[in-house]
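Student: Residue strings, one per chain:
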Amino acid sequence: MRSPESLSLALVAAALGLSLPAQSTTYGLGRAPKPGEIEMWDIAISPDGKELPRGSGTAIEGGKVYAANCAACHGKTGTEGPNDVLVGGQGSLNTKKPVKTIGSYWPYATTVWDYINRSMPYNKPGSLSADEVYAVTAHLLFLNGIIRKDELMNAKTLPQVKMPNRNGFIADPRPDWNIGGSSRR
Amino acid sequence: MKTRSSNRRDFLKSGAGVGGALLVGADSGNAAPNPQSAQPDAAQPAPDDPTKVPGVPARPYGERSRFERILRTPSPQGTSSGTPLQDLTGIITPSSLHFERHHAGVPDIDPRRHRLLIHGMVDRPLILTMDELKRFPSVSRIYFMECSGNGYRRKGGRTVQEAHGLVSCAEWTGVALSLLLSEAGVQQGAGWIVAEGSDAAKMTRSIPLTKAMNDVLVAYGQNGEALRPEQGYPVRLFVPGWEGNICVKWLRRIKVVDQPYMTREETSKYTDLMPDGKARQFTFEMDPKSLITFPSGGQKLPGPGFYEISGLAWSGRGAIRRVEVSVDGGRIWQDARLQSPVLPIAFTRFRFGWKWDGAEVVLQSRCTDEHGDVQPVLEDLVRARGENWGYHFNPIQGWKVSADGSVQNALA
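Which chain is which? The protein sequence lines are R and F, in order.
Numbered according to numbering that gives the first Met the number 0, the first sequence terminates at residue 184, and the numbering increases by one at each position without gaps.
Numbered according to numbering that gives the first Met the number 0, the second sequence terminates at residue 411, and the numbering increases by one at each position without gaps.
Hints were generated in silico from the structure; no laboratory data involved.
There's no promise every hint is true.
To be verified - Partner residues aside, some chain R positions facing chain F, computed with beta carbon under 10 Å: (1) 29; (2) 37; (3) 107; (4) 121; (5) 168.
Just so it is clear, CB atoms sit at the ideal spot from N, CA and C, and this is done for glycine as well.
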């Protein structure tokens, strides 16, 4: 996607015997990040967990973090609401009343860590330490019967947690309706 | 590209000239500290004859007439507001009425301190200020945007706004994401980008690199001025034709990666359960959809006679090729007139002359896009997807006109 200007600039440079640096940008706008700058921003956690920070926690500490920061909106046991139900619902997805929770629906444990770390608690996002996020994630996995209460969650163990609905997602085939035989697929 | 950018500079120059002249006029003609206060308040009657009294002086920022009252309707939780499509004309949604949806409120961002980081699997990670971003060659495009939860299954709604107000259409100006990614140098093995917002939810979505390199904009302009705060000021992603949620607002970071990051908004939300308990994921494109906006739910026809049925059609996969209208509950379909311009991935306004005889009728519209995809009826979708889905809701919408002229949602 080089613009005509940049191509002609390169040709002129070549004709004059100048060498443009191999790492140069076309427009020369912006700057390279300083050392450490990217790490500060790089909070998104992939399913393989390679960006997870140091720290750890179990459901034992996580229960306290949950009670202090989460229970007001999600209920004492994660089932009462008023906001999203976090616990239960396993086996309900193919029924008339599916209950989509972390335990029944979320395919990756890394997503739980990522979402709590980036967005929760709603009124004070970013206020939990890495240890607290590991602990409250462990607590929610424990309440859903996915890990033991004393199981330590950290950068190594969390990505290995097998979520019950890990294989529950499929690609979308739409347009999937057929009206008068005119659908193109 | 060269021609376009020099045109833009000329435009900016001449715009500054006009603005300067207006300011001089305002200074000499009006000593009031706040010219807005010159507008009479809504309770005051208008003059009997506006030709007999001087009007208000020029104002620095325009307001609609005090007699115009149409509004967005914020949801009870304040996380979204719907566009009053039934009260709008043409295809462009005014910025103040463009629908909004956010996950942790609208952030207050100083553009001088905002930065966009592009990094990950690139040769040259890049940090851009807003001023630097705007110096890249830019484009303006007219596109609709629809929340994938618009009309969410069984939500119902009395009016177009209540039932389908989370869709709007505007002119968006920005820099092609492909240009910024080329500038950073995408590495072999990259397949996706992760886009992250600077709001309190730090909203994050994964987008396939093929789309990112195709027509995605890093947009800073909306309908000729800066983005509105609720639309992502100072900069957002605009992903043409794809669900609104993926057009990450208050954009602060783009990371080039090898796989989707399976964020909360692309796993727990914005996925649809099928009858077997499997969920469809990464349903990106918005399907062809049309709505009659007049006559529509909540409105009342004064009596039998001529009416111009009018509405909007759009498809995330391209241009609208055809809109048909039925005035007998779906037995006979007739072609509506498409008003130009008919642009890809934009609202298309359709019109259809109709003489109402005063009997109860159901009015419906049905669109076909350039690929031949025809807007389905709800039963088609239920047959294909069962009962547990809700996003990307695009069935034919009927409005029932009763003998007294009142109009109700026939789908709710």
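Student: Hint by hint, say whether it matches the structure.
Tutor: Evaluation of the provided hints:
Contact between residue 29 (chain R) and chain F, as hinted, is supported at the beta carbon level, the nearest pair being about 4 Å apart and thus within 10 Å. A distance limit of 10 Å between C-beta atoms decides the matter here; for residue 37 (chain R) the minimum to chain F is near 5 Å, and the interface restraint holds. A hinted interface residue such as residue 107 (chain R) counts as satisfied when its beta carbon comes closer than 10 Å to some beta carbon of chain F; here the least separation is about 5 Å, so the hint holds. At a threshold of 10 Å, the smallest CB-CB gap from residue 121 (chain R) to chain F is about 7 Å, leaving the interface hint in force.
Interface restraint check for residue 168 (chain R): the shortest CB-CB distance to chain F comes to about 4 Å, inside 10 Å, so the restraint holds.
Checked against the numbered hints given earlier, the structure satisfies every one of them.
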